[in-house]
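> Let chain A serve as the given structure and place chain B on it in line with the hints.
Number of protein chains: 2
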Amino acid sequence: MTKNDLFLRAARGESVERTPVWLMRQAGRILPEYRALRGQLSGFKELVETPALASEVTIQPVDALDVDAAIIFSDILVVPDAMGLPYEMVEARGPLFPNVIKTAADVDRLSIPDPEDKLGYVLEALRITKKALNGRVPLIGFAGAPWTLLAYMVEGHGSKTFSKARGLLYTDPKLAHALLAKITATTIAYLQAQVAAGAQVVQVFDSWAGTLPPAHYREFSSRYISEICEALAPLVPVTVFAKGAWFAVEDFAAMPCRTIGLDWTEDPAAVRRAAPGKTLQGNLDPCALYGTPEQVRDATEAMLRQFAGGPHIANLGHGVYPDTNPERVKVFVQTVKGFRG
Amino acid sequence: MTKNDLFLRAARGESVERTPVWLMRQAGRILPEYRALRGQLSGFKELVETPALASEVTIQPVDALDVDAAIIFSDILVVPDAMGLPYEMVEARGPLFPNVIKTAADVDRLSIPDPEDKLGYVLEALRITKKALNGRVPLIGFAGAPWTLLAYMVEGHGSKTFSKARGLLYTDPKLAHALLAKITATTIAYLQAQVAAGAQVVQVFDSWAGTLPPAHYREFSSRYISEICEALAPLVPVTVFAKGAWFAVEDFAAMPCRTIGLDWTEDPAAVRRAAPGKTLQGNLDPCALYGTPEQVRDATEAMLRQFAGGPHIANLGHGVYPDTNPERVKVFVQTVKGFRG
Chain A
7 MTKNDLFLRA ARGESVERTP VWLMRQAGRI LPEYRALRGQ LSGFKELVET PALASEVTIQ
67 PVDALDVDAA IIFSDILVVP DAMGLPYEMV EARGPLFPNV IKTAADVDRL SIPDPEDKLG
127 YVLEALRITK KALNGRVPLI GFAGAPWTLL AYMVEGHGSK TFSKARGLLY TDPKLAHALL
187 AKITATTIAY LQAQVAAGAQ VVQVFDSWAG TLPPAHYREF SSRYISEICE ALAPLVPVTV
247 FAKGAWFAVE DFAAMPCRTI GLDWTEDPAA VRRAAPGKTL QGNLDPCALY GTPEQVRDAT
307 EAMLRQFAGG PHIANLGHGV YPDTNPERVK VFVQTVKGFR G
Chain B
7 MTKNDLFLRA ARGESVERTP VWLMRQAGRI LPEYRALRGQ LSGFKELVET PALASEVTIQ
67 PVDALDVDAA IIFSDILVVP DAMGLPYEMV EARGPLFPNV IKTAADVDRL SIPDPEDKLG
127 YVLEALRITK KALNGRVPLI GFAGAPWTLL AYMVEGHGSK TFSKARGLLY TDPKLAHALL
187 AKITATTIAY LQAQVAAGAQ VVQVFDSWAG TLPPAHYREF SSRYISEICE ALAPLVPVTV
247 FAKGAWFAVE DFAAMPCRTI GLDWTEDPAA VRRAAPGKTL QGNLDPCALY GTPEQVRDAT
307 EAMLRQFAGG PHIANLGHGV YPDTNPERVK VFVQTVKGFR G
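Keeping their order, the protein sequence lines are chains A and B. Take any residue in the first sequence, count from 1 to its spot, add 6: that is its number in our numbering. Take any residue in the second sequence, count from 1 to its spot, add 6: that is its number in our numbering.
By construction, these hints were calculated from the structure, which means they are not laboratory data. As the structure is a computational prediction, the values presented were derived from the model and not from experiment. Warning: the hint list may mix true and false statements.
[As the list claims (entries may be wrong)] With a straight-line Cα cutoff of 30 Å, these simulated DSSO-like cross-link-like pairs (lysine-lysine) come out:
1) A:K124 to A:K108
2) A:K51 to B:K166
3) B:K51 to A:K166
4) B:K166 to A:K170
5) A:K51 to B:K170
6) B:K336 to A:K170
7) B:K166 to A:K108
8) B:K170 to A:K166
9) B:K136 to B:K180
10) B:K136 to B:K9
11) B:K136 to B:K166
12) B:K108 to A:K336
13) A:K343 to B:K170
14) B:K336 to A:K336
15) A:K336 to B:K166
[Said to hold, decoys possible] Here are the in silico distance ranges between beta carbons for each label pair:
16) B:A58 to A:D304: 53 to 59 Å
17) B:L43 to A:G164: 28 to 34 Å
18) B:P299 to A:V106: 22 to 28 Å
19) B:L241 to A:D72: 53 to 59 Å
20) B:L241 to A:P299: 19 to 25 Å
21) A:E23 to B:A98: 50 to 56 Å
22) A:R115 to B:E300: 28 to 34 Å
23) B:K343 to A:K180: 27 to 33 Å
Built from N, CA and C at the ideal position, the CB exists for glycine as well.
Next up, chain A with everything else stripped away, as it sits in the complex:
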């Protein structure tokens, strides 16, 4: 039994007494207790790959920020890693793939791994966390969208333009589809295993959605997200968050996802009209949390009013920025909890 099931009910489109709230990247990043733990470790990957520690930082924000859901602490790049393309996390620079995908032979060498075999550390973290939470709040699992994973696997690192990855869609669409199909198969098995390990909702993150022209987005991203939704929707509610993909709302509306995440450039009322019946999640500008407590309160209430008229899960429009004062996050959370329209 989940004691606080507001998030779960909103994610199913059921009516709730008040709007539930959580933050993307709440697990870690801003909390001093996270930084203390992180400082004792060799690196980011040690934290991701050690289930007891990943579980500990997953629960920290539930204790510290009083949010209505926990999201497992992990990284979207564990999937390419498990497929045979390892990443490193370079301090202050971000992810780096020493090898990248260039040819059909590179794609052939990738495996579609058994999740228990190659991603057991995430599944174990979910099991430990589920037990430790003891039903306090629901537990969210997640994965990167196939396009976003391809973007890193081809580009090799973060990029303003992801021009190599986007270029591949023009120069070798067949190779791109072969890679996307393999990522999709891996992701479906991985998310199904996350559900078996205790995830009650799963979210698909398409961080680089906004880099694609709409026609490419449909061909190389949303169709694979749709396959993931089809496979997971019978098990748990699925959330799709595609940053910058304002042009794809109607695609998401037609998928069996239950919740659509909005970034801070999107208009909640317009998305409601385009996606009737869906729960919407978002979308306060993370920069709004740099304000005074009063400014944070005002911005949060203005955001909540924009989502009136349908099911809503309050969140930021992107992950919380690392230099955010946790006290302001608490103001955000408490404002949502106290809001009565």
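Relative to the frame of chain A, chain B by itself:
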């Protein structure tokens, strides 16, 4: 007399025999003759600040790529520099401001310079170029939008999020407006001087438009762009290119700009409906130029068909990427020139 005035006529909304074509960032970046010249200099700023050299690289793409317009070689950051906030261009990293704007006193210290005094090198480059072009093609002047300049002046360098600059809009909107007003006044005088020096069209670049929530965009960006349009429209046709500002098309439609630039995520037909009577410019994905000649031709023709039904200036949806093969750019240009619907 401008011999090839197709661009100018399309920019005025007049009918043309065929679609004119040019590229953002065509002046420099991809051409071997540009790199040869650039390699002999101490740095990027020497090229920008030496009128004869800036003029030379402005004309190179007219010779090499056969485009229908020349855009003066310069940088949007010359404006903060002229106001008293100097920038450096760090090799392989991009612009850096050793000092940034933090307080009202910082804004007070900035001047609204006489363009001939502080930006005379750009004006001189325009005069030399106009004479050297001798009417072959029209000459485009440009400036950064006030919001985009503020973003650099507050952040101090390029950024994925521009979170410091965006944060200022929440924490000290008054300071932001004081800075934006000063940038706007400088920009208007600067663009008027560009016209006096020979610019026949001016383009305003809002490179970081897409980082703002729509309400902030209206308050902190589009109203200042509108002021610039009001001041310049009586002199020359004005083009607004706001990357990522799909949500602001109706704002631009209401301004006295003549042309709206589209990035590659925007749907030309939808923008035509929202901005009737405007000329549209764009919007091929720069990554399409990584393809084979045949792929470039197909992508270009598909793009041209999307703009049917109103005045169009063919361009990319952003600046040409530095690793683009100039031969592919020629295919793009020649495909536009040969297209007959």
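> Now tell me, hint by hint, if it's right for this structure.
Evaluation of the provided hints:
1. A:K124 to A:K108: 23 Å, holds
2. A:K51 to B:K166: Answer holds: K51 (chain A) to K166 (chain B) is near 23 Å, not above 30 Å.
3. B:K51 to A:K166: Within the cut-off at roughly 23 Å; holds.
4. B:K166 to A:K170: Holds: K166 (chain B) and K170 (chain A) sit about 18 Å apart, inside 30 Å.
5. A:K51 to B:K170: OK: K51 (chain A) and K170 (chain B) at ~28 Å, within 30 Å.
6. B:K336 to A:K170: 21 Å, holds
7. B:K166 to A:K108: Judged against 30 Å, a Cα distance of about 26 Å means the pair holds.
8. B:K170 to A:K166: Holds, at about 18 Å.
9. B:K136 to B:K180: Given that 30 Å is the threshold and the Cα spacing comes to 41 Å, the pair is violated.
10. B:K136 to B:K9: Holds, at roughly 13 Å.
11. B:K136 to B:K166: With Cα atoms ~37 Å apart, K136 (chain B) and K166 (chain B) exceed 30 Å; violated.
12. B:K108 to A:K336: 26 Å, holds
13. A:K343 to B:K170: Holds. K343 (chain A) to K170 (chain B) sits at ~28 Å (cutoff 30 Å).
14. B:K336 to A:K336: Since the Cα atoms of K336 (chain B) and K336 (chain A) sit roughly 56 Å apart, the hinted pair is violated (cutoff 30 Å).
15. A:K336 to B:K166: Judged against 30 Å, a Cα distance of about 25 Å means the pair holds.
16. B:A58 to A:D304: 53 to 59 Å: 54 Å, holds
17. B:L43 to A:G164: 28 to 34 Å: Since L43 (chain B) and G164 (chain A) have Cβ atoms about 32 Å apart, the given range 28 to 34 Å holds.
18. B:P299 to A:V106: 22 to 28 Å: 26 Å, holds
19. B:L241 to A:D72: 53 to 59 Å: 58 Å, holds
20. B:L241 to A:P299: 19 to 25 Å: For P299 (chain A) against L241 (chain B), whose Cβ atoms are near 48 Å apart, the range 19 to 25 Å is violated.
21. A:E23 to B:A98: 50 to 56 Å: 54 Å, holds
22. A:R115 to B:E300: 28 to 34 Å: 30 Å, holds
23. B:K343 to A:K180: 27 to 33 Å: Check passed, 31 Å falls within 27 to 33 Å.
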